[in-house]
Structures are given as structure tokens and as C-alpha cells.
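Visitor: Sequence:
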Amino acid sequence: MATRARVRAPELIGKGGWLNTGDQQYTLADLRGRIVILDFWTFCCINCLHVLDELRELEEKHRDTVVIIGVHSPKFVHEAEHQAVVDAVERYQVHHPVLDDPELATWKQYAVRAWPTLVVIDPEGYIVAQHAGEGHAHAIAKLVEELEAEHEAKGTLRRGDGPYVPPEPEATDLRFPGKALVLPGSGNFLVSDSTRHQLVELEPDGETVVRRIGDGESGAGGFKEPQGLALLPDGRVVVADTVNHALRVFDPETGSVERVAGTGRQWWQGSPTSGPALEVDLSSPWDVAWWQGKVWIAMAGVHQLWTYDPEAGTVEVAAGTTQEGLVDGPAAEAWFAQPSGLAADGDRLWVADSENSALRYVSRDSSGYVVGTAVGTGLFDFGHRDGEAGQALLQHPLGVTALPDGSVAVSDTYNHALRRYDPASGEVTTLATDLREPSDAVLVGDDIVVVESARHRLTRLRLPESAVRVDAVAHRTQRAATEVAPGALRLDVVFQAPSGQKLDTRYGPSTRLIVSSTPAELLVSGDGTGTDLSRDLTLNPSVSEGVLHVSAMAASCDDDPSNEYPACHVHQQDWGVPVRLTAEGATRLPLVLAGLAD
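Start counting at 1 in the sequence shown, then tack on 98, and there's your number in this note's numbering.
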């Protein structure tokens, strides 16, 4: 096999300590002889959750030689709380050790620039590969097989049980529930019991279990971490079957469940964006709402809104470009960042745009659908601040609920609060605090019932007439800005096709690079779309700081001329790189999609 660069892996440091190890603390020396895969993740990030699922097969197949370690590197302040990481590890069924690194110490040591990033360390403690984004599991599996053979021959491979120790399960009727609705007629609640892969029907008291829907086994045959629920006009319920990348319909009368949209495969760039519902791939649908004669879908996995038309049996993109950020305007040009909550209210569809910490909306004018923002400014600003909407702050909201007076309740998840936005006054207030990761809320008479996800329960509150007073706090993401020089900047996206593969050029260029900036005036030149993974940018010297948005995609296929139908794979990642312009800053910005930076 080819000779690889010998770069010693830095030590693993995390102030929060280790999870899933039975309280045992580890160093890299303790793992010598094993192939170690570091997964830099943060639990708010949908792409990180995709990678967790991508790695499960590899983790099981190579359990005696490979140790996957999740290095939790927080974006939001809430994610730096140790208990929140403990909850997330159970919520997303992480079955390997996790290092809680709230101060990003290991992130900095490994010069990581994006969530998710995977780093492969060989049995002798050297870094041999780095991959950013999704779609790399096949490449890592190939590399693992090569490393097993190489180090078996050298006598440096140590087989055996890994350090993973599962936590003790807790008995609760719900486990990290996601969304809820009230069933007409009975007044019972239907709740998506996400971590148990089921729907649960509860009596109006919100506690007594009537029945469970689904076998509780994660997989294509049943629900897999279901989230959003919406009533159809005929009384059936459409379910966002999130990790199965599908929509299902549940009939409360008969108990039947059928898949109505999605193939079970995750949507990738280049896949169809409209067509027969059961033939088009979806990507982590997180919430659903019935609005203007269709089911609207918060397609969190690709930062878009889609629609499903039950009568025609079709799906199509309705808003968003797949670029991650906050851009208003015509629906086809708007940007979202992991939309996760929907609520229809007359002529508006409200959207909880979680990674933007924003409340957005879709409306319609003479030209078609348009997207606007009520609260929030973008990917890197968040907090808990009430007052005029233009300066108010949220923190990763997952749910939104239309209220009878025309205002909107926001499940402000990472602030553990229920907030209210009033379009009439333009003001944001706080309705309730001391909730634990609220992810949805439903109206029941004069009460509002909140899904307290991290307390595994529904909590009934009387809608308050006055706001709760809170101390205002504003935050920016902890990630340090990259110092770059004004003027010419060379952007290089590093991509090395996996062993045994080559770039797929059968149908034209196999790579794509999209570059933009916030603010737009940061880039004098170099923005737009192209096929070269390197580009010369010009940065405006009059702008002191901003964010470079870089989206890269590469397709590779098996390099075997005798194979008429080679297996092909898509590798993709979006970076939001905070930059600060200084005279002494770098003139080159390398971003690793797959390989090792030079």
C-alpha cells in the first residue's frame, strides 16, 4: 500500500471527561494497537447525526480492531453543559466512548474547521486520514481493512474488546420525545417517542399510556427516531420518520401505518428534487405541517422546505437552495439552516430555523412564495434576549406553535424556555423558563402543553398573560476566527479519492465548489459556483470580519475498468469559516474534504 505521511496524533483532552466508558479515563497510549477513529461532532448538527448513522455498520463489523471516539465539540452554550452531552449520547444512541470537550481543546489540537470531521489514527498513534462532512464511511472502511492487514503483518495490531461500556437504561414512559399533537374526538395526545422509535398515544392527562405504535426496533420496517406529526384533513396523521428519511401515515382508527414518501435512502446532491413521492429520496425530515392543501416538510438534512401532495402522490422542493445560512427572498433563492419546526397560521407558515437560532416564515405574494425572518440574524449569533424582534435572540429553537391571537410560541430549546413573538407589536417575550429542552408545544383550551424532551414528559402550562422577566444574554459561537490577509486569498479544498477509486468524470466534472460570504461585501471576487476545488478569492480590506461559506462536493467511483457498473460515492461538506482580516493573516485557506492538508 502507499506510504502515508507520519503525523503523530495529539493527546485527547476534554474538561468534561469521558462518557460510555464506565467512568474510566483514557489516553491515546491506552488505545495503542487499535485503529482509532475520532468523530468530531456536536449534537445540534444534523450532518453529525448522519455520520453517526453512517459509522454504525463499520463500528459493528470491526469492533475488535476499531475504536470510534466521539469528541464532542460544542457550537452552542447549552451544548457545553455536561448533562446535555450525557442526554445527547443516549438520545442518539451513541454506542462508543465520547470525550466531552466543552472548551474545544482537542478540536484546536487537531485543527478541525467543521462539524462533522473524522480523523483516522493508526495502531502506532499516527494520523493517516482526515475527512470533513458526510459520505466517507466507505472510504474509511477500505482504509481500515488496509490498516488491519498492514499492522497485522507488522505485529502492531491488538485485537479485543473495546472500551465502550453502555450506561444503565432508565424506565420512563417516554424517552426524549420530539413532537406532539391532539387527536380529534378523543382529545388524546399522540407523541413521537423518538429514542424508542415509536409513537405513543396518551390520555388527555398527558401521562397515561393508551397504546404504542411501532415495534420499537430501529430500522426500515418500523419508525427510526420519528419527529414531526401533522393531522391530515381526513383525520390520519403524517409522521416525519426522520432517520428513515421518509414520511409515513398513521391511521388512528385502524392502527395502520404506511410509507407515503421517501425511499429510505438519504438524498444527495444531484438526486431528483421532485417526482413520485415513493421514488424520490428525502433527507432527515424533522417536522411536517398541513398548509395550503399540501404537507410541508422541514427537510433539516438539506436545509430546505419540501412539499408532499397526498392527492397527486408527489414531492418537490418548495424553498431553499441547500446552502446553509440565513437569506430571505423568493423561496427558490432563500437559505435555511436545519429547519426543525413548522406551524401553519392562515396565510403564513412559521419555521423554527434551528441552526440560525431564528424564527422564519413563508408567505405568498403575486410572484409566488417568499421567505422572511421575524427573529434571528444568522449562524453564529444566539442567546436569550427579549424586546424588539430585530435585536432579540433565541438559541437553537426546534418548535413553533401558532397562538389564537395571531402571535407565535417558540420552543426555544437550548434556552430551556417558551418564547412568544407578536407580529403586531414586533416584540419578543418569554412565557416560561425552567423547561428542559422543549422541542414542541400544542394548545389545549387555555393551556399550552410543552414537550419537555430532556425530562421525558409533557408539561401543561396555563398561557400566561404577562411575560417572565429574564436576564438578557448574548453569545457567539466559541469557534475562533481564522486570521486571513485582506486582498488575495487562495482557497484550496483538499480531496484525495479513496484507495481503489478515482474521480467520476463519465458525465462531466465530478467536483463542485460554491463560495459566498456574510456580509456579501466581504468578497470582492471569487464567489459563485464552479467545478474546480481551488479558487482565488479577493477579500475586501474595508471589511474587518465575516464568514466565508464554502460548499464542496466530489464524486468518486471504483477504479476497475473491467467493472461495467462501478460503485460510486458522493462526498460533501459545507463550511462556515469565521474570518478576521489582519495584515499578518494567511493568504491561503486549506479545507480538507478528504485526505491530509499539506
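Errors might be hidden in some of the hints.
Claimed, not checked - Computed cross-link-like contacts, BS3-like style, restricted to lysine-lysine with a CA-CA straight-line distance of at most 27 angstroms: (1) Lys240 x Lys392; (2) Lys322 x Lys206; (3) Lys240 x Lys252; (4) Lys206 x Lys113; (5) Lys322 x Lys159; (6) Lys322 x Lys392; (7) Lys240 x Lys600; (8) Lys600 x Lys159.
Just so you know, these hints were derived from the structure itself, not from any lab.
Visitor: Among the hints numbered above, which are violated by the structure, and what are their numbers in rising order?
Guide: Hints 1 and 2 contradicted; others consistent.
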